[in-house]
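**Q** So the chains spell out like this:
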Amino acid sequence: MERDSDESGNADRFYRLNWRDVLLILAILSVSGGTIAYLQFGVGGAAAADLDAMVYEDGRLVGRLRMDAHRRLSLRDGRMIVEAEPGGVRVAKSDCPRQICVAAGWVRTPGQVITCVPNRVLVKVRSRSGGFLDAVVH
Amino acid sequence: MKHLKAVLFLTALIVAGLFAFRTYNARRFHLEQDTRFLMDTYVTIYAVGPASTTKPAIRKAFDRMQAVDEKFNIHNPESPLYAFNEAGTPITDPEILAVTRLALSVSRETDGAFDITISPLVDVWGFYGDDPAVPDDATIDAALERVGYDNLELAGGALRKRRPDVRIDLGGIAKGYVIGAAAETLKENGAPSALIDAGGDVYAMGAKGQTPWKVGIRNPRGDEILGYVEVMDLAVMGSGDYERFFMQEGRRYHHILDPQTGYPSEGTIAVNLFAADPLTADVWCTAVFVLGPEKGLEMVEKKAGMEAIVVAETGEKRLSSGLKRLLKALPQTE
Chain C
129 MERDSDESGN ADRFYRLNWR DVLLILAILS VSGGTIAYLQ FGVGGAAAAD LDAMVYEDGR
189 LVGRLRMDAH RRLSLRDGRM IVEAEPGGVR VAKSDCPRQI CVAAGWVRTP GQVITCVPNR
249 VLVKVRSRSG GFLDAVVH
Chain L
117 MKHLKAVLFL TALIVAGLFA FRTYNARRFH LEQDTRFLMD TYVTIYAVGP ASTTKPAIRK
177 AFDRMQAVDE KFNIHNPESP LYAFNEAGTP ITDPEILAVT RLALSVSRET DGAFDITISP
237 LVDVWGFYGD DPAVPDDATI DAALERVGYD NLELAGGALR KRRPDVRIDL GGIAKGYVIG
297 AAAETLKENG APSALIDAGG DVYAMGAKGQ TPWKVGIRNP RGDEILGYVE VMDLAVMGSG
357 DYERFFMQEG RRYHHILDPQ TGYPSEGTIA VNLFAADPLT ADVWCTAVFV LGPEKGLEMV
417 EKKAGMEAIV VAETGEKRLS SGLKRLLKAL PQTE
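Protein chains in written order, with this note's numbering: chain C, 129 to 266; chain L, 117 to 450.
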């Protein structure tokens with residue numbers, strides 16, 4: 129009987145948590161939960177360093193310009209130029225007849241696009257962390 | 117020692133549980149996307165769900181879009197619309213008839229502000245060619261004589277001409293139907309949560325996982341975003357004078373023609389229209405543009421489930437009453 133009572137006491141102590149244990153569990157949970165929430169929901173907005181301009185030609189991805197410095201991408205043997213600056217991208221030059229893509233100016237928000245129909249080129253702003261908007265209508 | 121083991125065991129169990137939960141969610145809420153050049157623009161489809169389901173669903177949706185687009189293309193000799201325009205062959209195709217039926221009902225409701233027989237006018241302005249120009253008044257008047265939705269007869273399961281030289285063009289509204297067809301295909305193939313972005317015309321089906329889709333609205337005369345709307349099972353279509361236009365003697369001439377005057381519609385520079393069905397949204401978007409800010413918004417207010425933002429030539433932005441509550445400002449970081 130004594131032995132049973134000892135075992136039962138050990139078991140009680142085994143399962144009883146003191147405040148340090150609770151603190152440790154809470155800390156581990158907070159770090160794990162926070163990391164998972166961040167990865168799951170992508171908390172936070174899109175900074176310039178987080179933005180890419182994805183450039184498609186004939187439906188194929190042909191370039192990715194980081195929108196954190198001045199960069200240029202030449203397309204169609206130099207007949208079209210896409211230009212990125214910190215936080216913005218535009219079509220700087222195009223040989224298309226109506227220049228609608230050039231007139232679109234700078235686009236800056238994830239989801240925004242510039243389309244050049246005659247050259248079948250698409251420039252799309254994308255945030256590496258997911259961005260806030262899923263699409264932009266215009 | 118035993119005590120520490122218990123704590124470590126418990127925390128390891130919880131962390132493993134959280135990791136399993138995240139892995140499960142990552143698969144369930146995985147966002148698959150693909151982009152293709154269709155309907156003279158780039159179309160991107162985003163679908164939520166396991167990639168094994170969403171990838172083939174997106175591919176089938178694009179194939180369906182391509183097929184429907186070809187059917188509605190008036191320049192495609194295989195299209196019933198081509199045969200109708202060139203030879204007067206009655207149209208019995210159920211998809212074309214469904215679109216035509218809605219178009220004719222909007223024509224009647226707007227007293228001809230929206231008209232699918234506008235094709236002869238579009239031709240004389242040259243908006244489909246490389247060299248559009250302002251036609252002279254006599255040419256416009258001659259084209260106007262051939263415009264009029266009452267020159268069409270839809271009865272007995274067929275669309276016929278009442279006047280031999282009448283032509284129809286569903287190009288301006290077929291995009292809405294094509295987007296709707298893609299959404300149907302996605303749903304049939306196990307992807308009920310998706311967003312279809314066809315060159316700035318958007319249909320949000322279901323939710324993006326656990327939250328609605330967020331759709332921003334761009335200022336038609338600037339690069340800033342006017343605000344955003346959270347949408348589920350809603351189409352947001354746009355019409356603007358910036359989509360297809362040319363400049364002549366310092367003046368902008370856009371492609372949305374007024375069937376009454378024969379000239380580009382005046383008073384509006386952009387409309388974004390919200391409705392549950394992409395085809396309805398597309399038809400009404402063009403109609404509201406032509407009607408102008410006053411009459412257009414009046415019409416929107418009468419329609420259940422329809423909202424709009426209309427940007428007038430003066431730059432003034434007018435919102436329908438429901439949209440005032442729905443439009444939100446972007447967070448500062450954007």
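You may find that some hints are simply not true.
[Unchecked claim] Heads up, simulated SDA-like pairs for lysine to any residue below, C-alpha to C-alpha not over 25 Å straight-line: (1) Lys221(C) to Lys324(L); (2) Lys221(C) to Pro172(L); (3) Lys121(L) to Ile153(C); (4) Lys187(L) to Gly162(C); (5) Lys221(C) to Arg262(L); (6) Lys187(L) to Lys121(L); (7) Lys324(L) to Ile153(C); (8) Lys221(C) to Phe243(L).
[To be verified] Covered by chain C, according to a simulated footprint, are these stretches of chain L (three or more residues, beta-carbon under 8 Å): (9) 180 to 191; (10) 198 to 207; (11) 272 to 282; (12) 285 to 293; (13) 343 to 354; (14) 366 to 379.
[To be verified] Covered stretches of chain C, as calculated for chain L (at least 3 residues, CB under 8 Å): (15) 179 to 187; (16) 198 to 204; (17) 218 to 230; (18) 240 to 249; (19) 253 to 266.
Don't read these hints as lab results, they were simulated from the structure. A virtual CB, placed ideally from N, CA and C, is assigned to each residue, including glycine.
**Q** Against this structure, judge whether each hint is valid.
**A** For each hint, the structure was consulted:
1. Simply put, Lys221(C) and Lys324(L) have alpha-carbon atoms about 36 Å apart, too far for the 25 Å limit, and the pair is violated.
2. For the hint pairing Lys221(C) with Pro172(L), the CA-to-CA distance comes to about 37 Å; that exceeds 25 Å, so the pair is violated.
3. Proposed proximity of Lys121(L) and Ile153(C) is supported: the alpha carbons are some 13 Å apart, at most 25 Å.
4. A threshold of 25 Å between alpha carbons decides the hint, and for Lys187(L) with Gly162(C) the separation of about 51 Å lies outside it, so the pair is violated.
5. Distance restraint check for Lys221(C) and Arg262(L): the Cα-Cα separation of roughly 40 Å exceeds the 25 Å cut-off, and the hinted pair is therefore not satisfied.
6. Taking the CA atoms of Lys187(L) and Lys121(L), the gap is about 69 Å. The hint is violated against a cut of 25 Å.
7. Of the pairs offered as hints, the one joining Lys324(L) and Ile153(C) is violated, with about 32 Å between alpha carbons and a cut-off of 25 Å exceeded.
8. Between the alpha carbons of Lys221(C) and Phe243(L) the distance comes to roughly 22 Å, so the proposed pair stays at or under 25 Å and holds.
9. For the segment 180 to 191 of chain L, the stated coverage by chain C is violated: 0 residues have a C-beta nearer than 8 Å to a C-beta of that chain, whereas at least 3 were required.
10. Counting residues of the segment 198 to 207 of chain L whose C-beta lies closer than 8 Å to any C-beta of chain C gives 0; at least three are required, and the coverage claim is violated.
11. A count of 0 residues in the segment 272 to 282 of chain L with a Cβ less than 8 Å from any Cβ of chain C is obtained; the coverage claim is therefore unmet, three being the minimum.
12. By the rule of at least three residues with a Cβ nearer than 8 Å to a Cβ of chain C, the coverage given for the segment 285 to 293 of chain L is violated, with 0 such residues.
13. Interface restraint, the segment 343 to 354 of chain L with chain C: holds (4 residues with C-beta to C-beta distance below 8 Å; minimum three).
14. A count of 0 residues in the segment 366 to 379 of chain L with a Cβ less than 8 Å from any Cβ of chain C is obtained; the coverage claim is therefore unmet, three being the minimum.
15. Only residues whose beta carbon comes within less than 8 Å of a beta carbon in chain L count, and the segment 179 to 187 of chain C has 3; three or more means the coverage holds.
16. Residues of the segment 198 to 204 of chain C with a Cβ under 8 Å from some Cβ of chain L number 0, which does not satisfy the need for three, so the listed coverage is violated.
17. Using a Cβ-Cβ cut-off of 8 Å, 3 residues of the segment 218 to 230 of chain C lie near chain L, which meets the minimum of three, so the contact claim holds.
18. A stretch counts as covered by a chain when three or more of its residues have a beta carbon under 8 Å from one of that chain; for the segment 240 to 249 of chain C and chain L the count is 5, and the coverage holds.
19. Against chain L, the segment 253 to 266 of chain C contributes 7 residues with a C-beta closer than 8 Å to a partner C-beta. That satisfies the three-residue criterion, and the hint holds.
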